[in-house]
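Residue numbers (my numbering), protein chains in the order written: chain A, 1 to 475; chain B, 1 to 228.
What the hints contain is simulated information worked out from the structure, not anything from laboratory work.
Values in this document were obtained by computation on a predicted structure and should not be read as measured data.
We treat Cβ as the ideally placed atom computed from N, Cα and C, and that holds for glycine.
A hint or two may mislead.
To be verified - Derived SDA-like pairs: lysine to any residue, alpha-carbon spacing no greater than 20 Å straight-line: (1) A:K44 with B:I41; (2) A:K75 with B:R25; (3) A:K199 with B:D119; (4) A:K418 with A:E466; (5) A:K75 with B:R47; (6) A:K75 with B:G6; (7) B:K184 with A:E466; (8) A:K44 with B:G120; (9) A:K384 with A:K418; (10) A:K75 with B:Q46; (11) A:K37 with B:G6; (12) A:K75 with B:T206; (13) A:K199 with B:D98; (14) A:K199 with B:I41; (15) A:K199 with B:G120; (16) A:K37 with B:Q21; (17) A:K44 with B:Q46; (18) A:K44 with B:Q21; (19) A:K162 with B:A103; (20) A:K44 with B:R47; (21) A:K75 with B:L207; (22) A:K37 with B:E58; (23) A:K75 with B:S10; (24) A:K44 with B:E58; (25) A:K162 with B:T206; (26) A:K44 with B:G6; (27) A:K75 with B:L123; (28) A:K199 with B:T206; (29) A:K199 with A:T108; (30) A:K44 with B:P42.
Stated by the list, open to error - If we take Cβ atoms under 7 Å as the criterion, some of the chain A residues that face chain B in the derived model are: (31) H83; (32) G139; (33) A285; (34) Y420; (35) I422; (36) S425.
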Amino acid sequence: MTLHPTSPHFKDNAHRAMADAQLQKALGNTRTGFIEKRALAMSKLPEFDALRDAARDIKNHTLAHLDLYLEAFEKKVVEAGGHVHFARTAEEANDIIVGLCKQYSAETVTKGKSMISEEIGLNAAIEAAGMKAVETDLGEYIIQLRHETPSHIIAPAIHLNKEQVEQDFRRVHTDLPKERDLSQPTQLLTEARGVLREKFLAADVGITGANFLIAETGTSIIVTNEGNGDLTQTLPETHIVVASIEKLVPTLEDASQLLRVLARSATGQDMSVYTTFSTGPRRAADVDGPQNYHVILLDNGRSSMLGGEFEEMLRCIRCGACMNHCPVYHAVGGHAYGWVYPGPMGAVLTPSLIGVEKGGNLPNASTFCGRCEEACPVRIPLPKLMRHWREREFERNLSPAVARYGLSAWAVFAKRPKLYRIATSVAMRVLGFAGRRKGRFASLPFAGGWTKFRDMPAPQGRTFQEQWRDRGGAR
Amino acid sequence: MSSARGDIVSNIRRSLGVTGQEAPRRFAVTDRLTRAPTGVIPARGQRDGAARIAMFREQAVAVSATVAMVESAQAAPAEIARYLRENNLPAILRRGEDARLAAMDWSAAGLDVSTGPSDGDDLNAVSHAFGGIAETGTLVMTSGADNPTTLNFLPDNHIVILSAADLERDIESVWDRLRGRFGKALMPRTVNMITGPSRSADIEQTLLLGAHGPRRLHIVIVGSAPHA
Chain A
1 MTLHPTSPHF
11 KDNAHRAMAD
21 AQLQKALGNT
31 RTGFIEKRAL
41 AMSKLPEFDA
51 LRDAARDIKN
61 HTLAHLDLYL
71 EAFEKKVVEA
81 GGHVHFARTA
91 EEANDIIVGL
101 CKQYSAETVT
111 KGKSMISEEI
121 GLNAAIEAAG
131 MKAVETDLGE
141 YIIQLRHETP
151 SHIIAPAIHL
161 NKEQVEQDFR
171 RVHTDLPKER
181 DLSQPTQLLT
191 EARGVLREKF
201 LAADVGITGA
211 NFLIAETGTS
221 IIVTNEGNGD
231 LTQTLPETHI
241 VVASIEKLVP
251 TLEDASQLLR
261 VLARSATGQD
271 MSVYTTFSTG
281 PRRAADVDGP
291 QNYHVILLDN
301 GRSSMLGGEF
311 EEMLRCIRCG
321 ACMNHCPVYH
331 AVGGHAYGWV
341 YPGPMGAVLT
351 PSLIGVEKGG
361 NLPNASTFCG
371 RCEEACPVRI
381 PLPKLMRHWR
391 EREFERNLSP
401 AVARYGLSAW
411 AVFAKRPKLY
421 RIATSVAMRV
431 LGFAGRRKGR
441 FASLPFAGGW
451 TKFRDMPAPQ
461 GRTFQEQWRD
471 RGGAR
Chain B
1 MSSARGDIVS
11 NIRRSLGVTG
21 QEAPRRFAVT
31 DRLTRAPTGV
41 IPARGQRDGA
51 ARIAMFREQA
61 VAVSATVAMV
71 ESAQAAPAEI
81 ARYLRENNLP
91 AILRRGEDAR
101 LAAMDWSAAG
111 LDVSTGPSDG
121 DDLNAVSHAF
131 GGIAETGTLV
141 MTSGADNPTT
151 LNFLPDNHIV
161 ILSAADLERD
171 IESVWDRLRG
181 RFGKALMPRT
191 VNMITGPSRS
201 ADIEQTLLLG
211 AHGPRRLHIV
221 IVGSAPHA
């Protein structure tokens, strides 16, 4: 793992993010756009929920037979003239890819957007070997110039405003006229298009991720809107695909079901602009396309998630809908999560991949409002999985002492219903009496952290259970 | 030294509690790969005749492609010449070796057409689609000398000719036809599905056309009768 996680410091990260005016301005764009677009796309497709069920079932079936589908996939890639490499860890994957780049005497390597390459820290490995890695997705290109990591899995530069991008372009593209106008997003896009076009044409190796791998045909699929992934994999002599093992699906038909929910959940598009199916290297009669085609299949902890309580996370198709709908993500952005995957999916996946010691903070960054699960195209019960992590964190004595004592004290009451009723009834009356004037508390003992940012409403004097009983709700 | 492949596969089997030799599991996999069952097909694309073309057109226009219809293949070059003229583009085109394109009289329409893949210096390209998908307004392109992949991405303006007879209801029908053409479980090197011109919303979520691929996509539908 070349990227040092700051996930253990989530709380500090979140505080800094909330105080960052630039970031808060940029995050304003995330709170409505994606949600409205997805809702509109869903409303135009009555079969959307049935497709989500189908997508979930396809992923479950594939995971239950993953060993056999991997073997089938490998066989078909080889038949098509490609090569398959297995990598147990990030380091192994990097070694294989750097080795291939050297073997093909690469100087410049272009890259399509790939979260797996972020997970393994591939750019650093390529640069350490003396080659140049160029991100070609516009958002990825921008954050590479800034030496940052993506803050969103499908919109990596969502934390930035256009003025910041303009500054970076002026800083890096020094051979362009100083007086040029870059005040509009369209001018920034045109400039990036020109700069990156030269890189595409000069590259020796192109590396892409894969949204899906198809066992039936040995095919890798990439889904993009910009066309950068296609230029990355079409123009250089060598195309390397780096993908994790759970990207597999059985057939072209299965991939088609998943494609119908992917773009709608991500950007609200019925279909992304470019959906590309690649099978092996250039054929005898071809006039373009790569001469060499390699697929790296990365495990990095996933095979151990199978059969366990986090297996359902392996259904994830990386659409980003969970973070688009997450109030915590909206408030703090992606970088606060401190590693590669932010938002609810990151909160579940990160502890699985880097360990609960480092990632255990993230599952606590949730209000359990349930919007992520509602939006998930493959119906991953994200709140339930976050709860599993909280339990594990507690069991392993990793949660803070105050929280543990508090929970132990609460457990004493929770296990004794009569005592619980008496204690809460007394507490509600005392608090209700104390707060009767203002109706709220600006500070409370033991709750300073909570009341620092908001007032605690004073109780009305009676507990929920009492009111429930009076209304005839109790059995 | 143990191999990465062996370790990963055995770790998967250990986690799943299987050996890989169980007959029912092996059957489930072979059966699915052989039958390739279709799943949920949206009703939206399930139309015939003019209604299917109208659906394709509506979807393609919604993603900022332009669509024109001509009666016959012979009329395509004139329509393309009109399109280039109206957009103030030079009457120069790059195309592949596709026999249907080769049979068209380009010079009669005043177009200067060269043949082969693109090296990045071509402003306009014309390709012939393998098929279209009414459900989403998507073009399906297959790689090869007939329609080189580079023409789909490098030129600024991409013009695609789609025979109405090749317009399918849904993506699944495309797979059926591809299997008929290339064989079961065999694919051309690349299948490009194209739904509108290139775009990006990576800067402040502002959607802009013309990211790295073509800035414009013009679709010319030949004929008016999709296959049944």
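Structure-based check of each hint:
1. Between A:K44 and B:I41 the alpha-carbon distance is near 14 Å, which keeps this suggested pair within the 20 Å criterion.
2. At most 20 Å may separate the alpha-carbon atoms for a hinted pair to count; A:K75 and B:R25 meet this at roughly 18 Å.
3. For a cut-off of 20 Å, the pair hint linking A:K199 to B:D119 stands: about 13 Å separates their Cα positions.
4. With a CA separation close to 12 Å, the supplied pair A:K418 and A:E466 stays within the 20 Å bound.
5. Of the pairs offered as hints, the one joining A:K75 and B:R47 is violated, with about 38 Å between alpha carbons and a cut-off of 20 Å exceeded.
6. The straight-line distance between the Cα atoms of A:K75 and B:G6 is roughly 15 Å, inside the 20 Å bound, and the hint therefore holds.
7. Proximity of B:K184 to A:E466 is assessed by CA-CA distance (about 68 Å); at most 20 Å being required, the pair is judged violated.
8. A threshold of 20 Å between alpha carbons decides the hint, and for A:K44 with B:G120 the separation of about 38 Å lies outside it, so the pair is violated.
9. Among the hinted pairs, A:K384 with A:K418 is inconsistent with the structure: their alpha-carbon atoms are about 29 Å apart, more than 20 Å.
10. For the proposed pair A:K75 and B:Q46, the alpha carbon gap of about 35 Å is over 20 Å, so the pair is violated.
11. Of the pairs offered as hints, the one joining A:K37 and B:G6 is violated, with about 44 Å between alpha carbons and a cut-off of 20 Å exceeded.
12. The suggested pairing of A:K75 with B:T206 is violated, with an alpha-carbon distance near 43 Å, which exceeds 20 Å.
13. Under the criterion of a C-alpha separation no larger than 20 Å, the hint pairing A:K199 with B:D98 is inconsistent with the structure, at around 30 Å.
14. A threshold of 20 Å between alpha carbons decides the hint, and for A:K199 with B:I41 the separation of about 40 Å lies outside it, so the pair is violated.
15. Simply put, A:K199 and B:G120 have alpha-carbon atoms about 12 Å apart, close enough for the 20 Å limit, and the pair holds.
16. Between A:K37 and B:Q21 the alpha-carbon distance is near 46 Å, which puts this suggested pair outside the 20 Å criterion.
17. Under the criterion of a C-alpha separation no larger than 20 Å, the hint pairing A:K44 with B:Q46 is consistent with the structure, at around 15 Å.
18. Straight-line distance between C-alpha atoms of A:K44 and B:Q21 comes to about 45 Å, which puts the hinted pair past the 20 Å bound.
19. A distance of roughly 49 Å separates the Cα atoms of A:K162 and B:A103; the hinted pair therefore is violated under the 20 Å criterion.
20. With a C-alpha separation of about 17 Å, the suggested pair A:K44 and B:R47 falls inside the 20 Å cut-off, and the hint holds.
21. A hinted pair counts as satisfied when its Cα atoms are at most 20 Å apart, and A:K75 with B:L207 does not qualify at roughly 41 Å.
22. For the proposed pair A:K37 and B:E58, the alpha carbon gap of about 18 Å is at most 20 Å, so the pair holds.
23. With a CA separation close to 18 Å, the supplied pair A:K75 and B:S10 stays within the 20 Å bound.
24. Between A:K44 and B:E58 the CA atoms are separated by roughly 13 Å; this keeps the pair inside 20 Å, and the hint holds.
25. Taking the CA atoms of A:K162 and B:T206, the gap is near 10 Å; set against the 20 Å cutoff, the hint holds.
26. Under the criterion of a C-alpha separation no larger than 20 Å, the hint pairing A:K44 with B:G6 is inconsistent with the structure, at around 46 Å.
27. Simply put, A:K75 and B:L123 have alpha-carbon atoms about 40 Å apart, too far for the 20 Å limit, and the pair is violated.
28. With a C-alpha separation of about 25 Å, the suggested pairing of A:K199 with B:T206 is violated against the 20 Å cut-off.
29. Taking the CA atoms of A:K199 and A:T108, the gap is about 8 Å. The hint holds against a cut of 20 Å.
30. Simply put, A:K44 and B:P42 have alpha-carbon atoms about 10 Å apart, close enough for the 20 Å limit, and the pair holds.
31. Checking A:H83 against chain B: minimum C-beta separation of about 12 Å lies over 7 Å; hint violated.
32. Because the smallest distance between the Cβ of A:G139 and any Cβ of chain B comes to about 4 Å, under 7 Å, the interface hint for this residue holds.
33. The restraint placing A:A285 at the interface with chain B holds, with a minimum CB-CB distance near 6 Å, inside the 7 Å limit.
34. Nearest Cβ of chain B to the Cβ of A:Y420: about 41 Å, over the 7 Å cut. The hint is violated.
35. Taking 7 Å as the C-beta contact cut-off toward chain B, the hint placing A:I422 at the interface is violated, the least distance being around 48 Å.
36. For A:S425, the suggested interface contact is broken, since its CB lies about 49 Å from the closest CB of chain B, more than 7 Å.
Figure legend: structure checked against the earlier numbered hints; hints not met, in rising order: 5, 7, 8, 9, 10, 11, 12, 13, 14, 16, 18, 19, 21, 26, 27, 28, 31, 34, 35, 36.
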